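**Q** Residue numbers (my numbering), protein chains in the order written: chain A, 1122 to 1579; chain B, 1122 to 1579; chain C, 1122 to 1579.
No lab work stands behind these hints, which were simulated from the structure alone.
Be aware that one or more of the hints could be misleading.
Since the list gives no way to pick out one identical chain from another, each pair is judged satisfied if it fits inside one copy or across any two copies.
[Unchecked claim] Straight-line Cα separation of at most 25 Å, PhoX-like style, residue types lysine-lysine; simulated pairs:
#, residue 1, residue 2
1, Lys1415, Lys1276
2, Lys1466, Lys1345
3, Lys1276, Lys1412
4, Lys1276, Lys1542
This structure is a prediction, so every number in the text was calculated from the model and none was measured.
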Amino acid sequence: MLRRILFLGFLAMLLLAMVAGAWAAAPDPTGAATLKADPGKAVDYVWVLVCGFLVMFMQAGFACVESGFCRAKNVTNLMTKNLLDFVVGSLAFWAVGFGIIMGTDWGGLIGSSKFFLAGDSYDVETYLSFFWQLVFAATAATIVSGAVAERLKFKAYLVYSAVICLFIYPVYAHWVWGSGWLSKLPFGLGHLDFAGSGVVHAVGGFVGLAGAIVLGPRYGKFGKDGKPRAIPGHSISLAALGTFILWFGWFGFNPGSTFSAHQLRISVIAVNTTMCAASASLTALLLVLGKTGKYDLGMALNGALAGLVAVTAPCAWISSWAAVVIGIVAGFLVVGGVYFLEALKIDDPVGAVSVHGFNGVWGLLAVGIFADGTYGNYATKAPFVEGLLFGGAGAGQFMAQLIGAVVVIAWAFGCGLILFKVLDAVLGVRVDPHEELQGLDIVEHGTPGYPEFYITRS
Amino acid sequence: MLRRILFLGFLAMLLLAMVAGAWAAAPDPTGAATLKADPGKAVDYVWVLVCGFLVMFMQAGFACVESGFCRAKNVTNLMTKNLLDFVVGSLAFWAVGFGIIMGTDWGGLIGSSKFFLAGDSYDVETYLSFFWQLVFAATAATIVSGAVAERLKFKAYLVYSAVICLFIYPVYAHWVWGSGWLSKLPFGLGHLDFAGSGVVHAVGGFVGLAGAIVLGPRYGKFGKDGKPRAIPGHSISLAALGTFILWFGWFGFNPGSTFSAHQLRISVIAVNTTMCAASASLTALLLVLGKTGKYDLGMALNGALAGLVAVTAPCAWISSWAAVVIGIVAGFLVVGGVYFLEALKIDDPVGAVSVHGFNGVWGLLAVGIFADGTYGNYATKAPFVEGLLFGGAGAGQFMAQLIGAVVVIAWAFGCGLILFKVLDAVLGVRVDPHEELQGLDIVEHGTPGYPEFYITRS
Amino acid sequence: MLRRILFLGFLAMLLLAMVAGAWAAAPDPTGAATLKADPGKAVDYVWVLVCGFLVMFMQAGFACVESGFCRAKNVTNLMTKNLLDFVVGSLAFWAVGFGIIMGTDWGGLIGSSKFFLAGDSYDVETYLSFFWQLVFAATAATIVSGAVAERLKFKAYLVYSAVICLFIYPVYAHWVWGSGWLSKLPFGLGHLDFAGSGVVHAVGGFVGLAGAIVLGPRYGKFGKDGKPRAIPGHSISLAALGTFILWFGWFGFNPGSTFSAHQLRISVIAVNTTMCAASASLTALLLVLGKTGKYDLGMALNGALAGLVAVTAPCAWISSWAAVVIGIVAGFLVVGGVYFLEALKIDDPVGAVSVHGFNGVWGLLAVGIFADGTYGNYATKAPFVEGLLFGGAGAGQFMAQLIGAVVVIAWAFGCGLILFKVLDAVLGVRVDPHEELQGLDIVEHGTPGYPEFYITRS
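Construct the complete structure from the given sequences, taking the supplied hints into account.
**A** Pasting the structure below:
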């Protein structure tokens, strides 16, 4: 049934695209005219594409982190999810999502053209923009996977992947990056989010929170006394490798968001990105050390990721000392967030909500605090951005950031709640208890992750 | 004996290179003159090199996919093969192979200079071209490894690696990319293969098919009733990571094949590459789901790779909807191909023949069908390329593609058959049955892959 | 206690940075003026940043190689070390180290400004330079980790990581790359080290040697008869993947060291890098084959790395045949080095001293032998570099290289010895015997690497 719908939907989309493609003339599919008009485009394209490749590679990082932090009995399931959200998300984003972000604006709410990259979208500039937006949308999609790990039906995950890339992510991204209403708030320079602490990470994190709540905790996560129990991941080396890959990929995510190599500010962005990750990781390590006396690798890894998330919005508008300070706060937030969710009996197996949700919001606010007035925004032609600590415009900017933070939480959590509730009513979202105990690999996929190794069941 | 020959051959090559190096003047080893003549070269070099690095990184992807899909008892062997084909292949390609592709043409059949990069090859342009061609040759070489996995003597693999990079690959690549006869076929614009669906993937796939046939199936692959039995891979996480790495690397493979950043078409190529992979992966997943009711990760991974292979030839000449359609066909082909080979009792442990062979050929034909007349070929100065669905020149182009497809199958399969038959006669290609049962790691390499883990033997 | 010092030091650093930041005007934090003065900077920034990202990714490679070559019971510890040396090293290098390398020179001995990137360091050029130097410093830091693996207290490693990035590495790097005294030796063109065979690898290797000596061998490494025993690594696939990642990352390390895309010589550098790795890997494989009859993957992997290290200094000044020859020597050196250290009863679990120390020194000497007079040094405006085999200036250059080689050994080994001796006196460097037997993961980190797998204890 689901398959039939997927197949037919897919077919319908294709037909539409072919028809639409026949209608309109293609402005510059070779790129010759675009290059002639601006010879500097060659290096800009190299920059944007290479950075986009790095962002795409973050899919591998998320897959490894999530699989490493979960149990061996679900590793096939987790890898399939991480592959298929990119696969389904790409098709959904191509069909609809991109048009919602970057199509002709309707009242600041939604874009309404460029679907299927059809018609006059057959243009090197549009394709470049599509590629960039696609890898960002796919990042938001894959973040959720961690929060709902080890207990979600695969079928429901396929539908979720389509919906977030069709609608939830693109609408909010349009509001911030597609000249939508949030970008035009009458405070400061409007809501600003350089590379997506809010657009990508908070959206992913809070949809994930909704998913984790609707699903409920994994069997065994909370004891009869209500106390949380650690469910250790099956491969710390896989999780660590994944984190390194994500850190590497983030150098595409943040500096690439200038969308131009002619903004030499990219060197500042790269430095801020890595310094914030470092200070957040060290902070998280030391906090857990103070509490448990152990050097906790899991928290150091999540600390690094938290710093990367937090610096994503402000990375272009701050200098290195601010990145370090933002990272320290991120380290506290990620550790506190994990304990906080456990206290609420919410089970987020990999810490995705703390890392991406809470720190995504922190990143938005950090723009309104630390932006130091040395840099604007190339793409939107915004003048120099100032936060609370710098200049008189700071209060307005902070207000714009605060509004965006509230909106992203409400939108992502709200949409996520509706989506997972509807999915639960229609398909059921949670696997059967015996399947959960046995692991999802056998029942859903027929393929154990490590068939030759003796593995204890937990 | 073999070692002595390898050593002496190696020494002879070096002496030759040094002598040759002393003969000729080096045209532009610093690159200053080249840059002065065309200041745009700086960004072109960055583009080509970075893309080349990504292609080289695909070696890691192939190593992980192949190891993950095979058994733990052979993982040291598989990793050694994947390292050494790059190592031996690089030396062989440096000594001879590159000169065969890019050296002075002899009658459209073979190149005949630039061996050892000696003499006037000490030039930035020649070195750049060498680097690019090297990573492509090494890709073809490593594809075969998967088809002959878990039963080939390592010694034979070393010789194979040299031969494919010395001769088999370079000769065919010369025909298509070195102004050889296929590129000058009197149909359409001659045989066209943008980034190597045929040159790289079909060559690797059909040499692999020959190897798999000469070797015969692994012990236990086919039951006494003749029915194929699944031999599950030892690490699904390794295989999945490898696929992500390959997908990432393919963004070097395809867009980089413009060999110029001044072709802004690179954005279109990047989009087509990823869309075809997505649609092929989803198609393969759904096909197996329809058959078995399971979400098969192995097939989804191979589906993605099949889409990447299929789009490699046409990626520059199509728009996104065609990429999606080509991917759907690729998904059918990879699933069908796996069943077809099993029906023929051919054992291809990782599906290399289906992924690279069958889909490589499909990619060649796809050029002749979907090329939409919006783009030519920068390197060869070919005008706009048209396939059957677009314009009158399509029939001729399709014919040129068909001829190339037949030729690549005949050449690769023929050379592969001769090579493995000769190797079998001289060295023996198959390990002893007890070694195969025990795993190749102990006997050939003396190092088990996971010495501390309890592993079941299968 | 240690934590308190770390915390307070950290706080002090931050305050200093903020104060300093308030003092001075920022020359060009947006980069607009820099780009206007030289529009070619756009492509240079892309080149340097992308190469820097690749170098950063080598952290993942080192983590995988080291973990793969060690035992499962220490994998959490090894991954934590590999993460935290980057984290702590980044903060230390930001606070102090970078200023020592690139700050205002004091008598050829040390730099003395740009600490915390404060004040007028808020400039795109300075940040770019910082990013580049940071990833190199972090590489030196992480090399040591392998030599001291499986027995060092984590606390001591944290302090070590800070010290090498604060002082040991930056001082020597200043001498060679920061217009220090070694770069001005009155022989040849002064001591030359293109991408850091000496500055990065020999420093890391010889500090590691000191650490390995101070720590003593792991329990069980040498039998009662004094003979070395092999302690096999727990995951050959992880080690192999790590090596591929390192090879990939080295394409940033070496070609990126032009610090400019306008040096088309980058194509030559890329080719030399890969050819040297190939010939070293094959040489190492064949040497062990001749001795044991086995195709030893560990040695082939280390051979490739040895070749990469050896070519790092000369890569810009040689042609491909010299790279191949340098690689052959590197292959002998890495195999010989491993046996030599075992004969001295020094336990270097992953071969870091052979790979990075001995071959780092070999790379320095190779400049003085093989530099062929075709290329100079863009950054330092040095004219064409000549070694012993080419031209009359070769003897002087060789002398300069020899002096640098002696100095780097003395400096790195000396500083390392003092550091680890002091650490031993203050904190103790070696874990308790029962902890070493049980593995460091439980006691230090509370997290086993693979909690669900049955693992034999060795």
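**Q** Work down the list of hints and note, for each, if the structure agrees.
**A** Hint by hint, here is what the structure shows:
{"no.": "1", "hint": "Lys1415 with Lys1276", "result": "between (40 Å within a copy, 11 Å between copies)"}
{"no.": "2", "hint": "Lys1466 with Lys1345", "result": "within (12 Å within a copy, 54 Å between copies)"}
{"no.": "3", "hint": "Lys1276 with Lys1412", "result": "between (40 Å within a copy, 16 Å between copies)"}
{"no.": "4", "hint": "Lys1276 with Lys1542", "result": "within (14 Å within a copy, 48 Å between copies)"}
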